[in-house]
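Q: Chains A and B are the protein sequences, given in the same order.
Last residue of the first sequence: 129 (numbering that gives the first Met the number 0), numbering continuous.
Last residue of the second sequence: 71 (numbering that gives the first Met the number 0), numbering continuous.
Among the hints, erroneous ones may be present.
To be verified - Heads up, simulated SDA-like pairs for lysine to any residue below, C-alpha to C-alpha not over 25 angstroms straight-line:
#	chain 1	residue 1	chain 2	residue 2
1	A	100	B	62
2	B	20	A	86
3	A	100	A	118
4	B	21	A	119
5	A	66	B	9
6	A	100	B	23
7	B	21	A	71
8	B	63	A	6
9	B	20	A	71
10	A	66	B	8
Worth flagging that the hints you see were computed from the coordinates, not collected in a lab.
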Amino acid sequence: MPRAYFRPRTAIVVVAVELTNRATGRSVTVNMLLDTGATYTAIPMRVARGLGVPVDPEQTTPILTAKGAFERMPLVYLDRVQTLGLGSEDVEAVIINLPAKTGLDGLLGGSYLRNYRVLIDYPHGVLEIE
Amino acid sequence: MKVEDSKHQYPNEWVLLAVEKKDGLDVPVEGQLIAHGQDADVLWDEITERQGQFYVFYTGEILKEMAVIFCA
């Protein structure tokens, strides 16, 4: 089973995720926060622009934000999302405002994770996906 | 340039590499340095004119002194 390690007992799990846009011939690996509470995978606009993923302002989905309000956010499809060697095709992702000062370039959420069995061992700092 | 070396050479910066070598889980470990700096948007602009495999990462502590709740 593919396995990654993180600092034991830390509350956040960050994984390297490869995003691919076949139309532009571009794959970019970024650091994403593993977010089992998120319905969708999410990327900031800078990543969508860099990958060359078209963003249609008319194609949006309502998202409950951490502020407790619903906001409509652009919905895109990523040709391929891969982490720990496990790839999924045509993964839905929303475009969110994720400041660069977080050091993150996205959230790896349910639109990818729902395809896998995910084990997070916080005390030992181990992530397994199969 | 090795990814680990870039973390020491460019502390608390964003780094963009063209991937040359990956580990067994397909995580980049080595690449050609394309750009580095404090402004992530500048690095992403560099990618828009290129094809290939790239690695964009921040060399500092992620979510330093922040607590987060994300919903998406």
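Q: If a hint holds in the structure, say so; if it doesn't, say that too.
A: Hint check results:
1. In summary, the hint linking residue 100(A) to residue 62(B) is supported, as the alpha carbons are separated by about 8 angstroms, within the 25 angstroms threshold.
2. For a cut-off of 25 angstroms, the pair hint linking residue 20(B) to residue 86(A) stands: about 19 angstroms separates their Cα positions.
3. Proximity of residue 100(A) to residue 118(A) is assessed by CA-CA distance (about 28 angstroms); at most 25 angstroms being required, the pair is judged violated.
4. A C-alpha spacing of about 24 angstroms is found between residue 21(B) and residue 119(A), which places the hinted pair at or below 25 angstroms, so the restraint holds.
5. Restraint check for residue 66(A) and residue 9(B): the C-alpha separation of about 35 angstroms exceeds 25 angstroms, so the hint is violated.
6. Restraint check: the Cα-Cα separation between residue 100(A) and residue 23(B) comes to about 29 angstroms, which exceeds 25 angstroms; the hinted pair is violated.
7. Under the criterion of a C-alpha separation no larger than 25 angstroms, the hint pairing residue 21(B) with residue 71(A) is inconsistent with the structure, at around 37 angstroms.
8. Between residue 63(B) and residue 6(A), the direct Cα distance comes to roughly 14 angstroms. Compliance with the 25 angstroms bound is thereby established for this hinted pair.
9. Taken as a hint, the residue 20(B) and residue 71(A) pair is broken in the structure, with Cα atoms around 39 angstroms apart against an allowance of 25 angstroms.
10. The straight-line distance between the Cα atoms of residue 66(A) and residue 8(B) is roughly 38 angstroms, outside the 25 angstroms bound, and the hint therefore fails.
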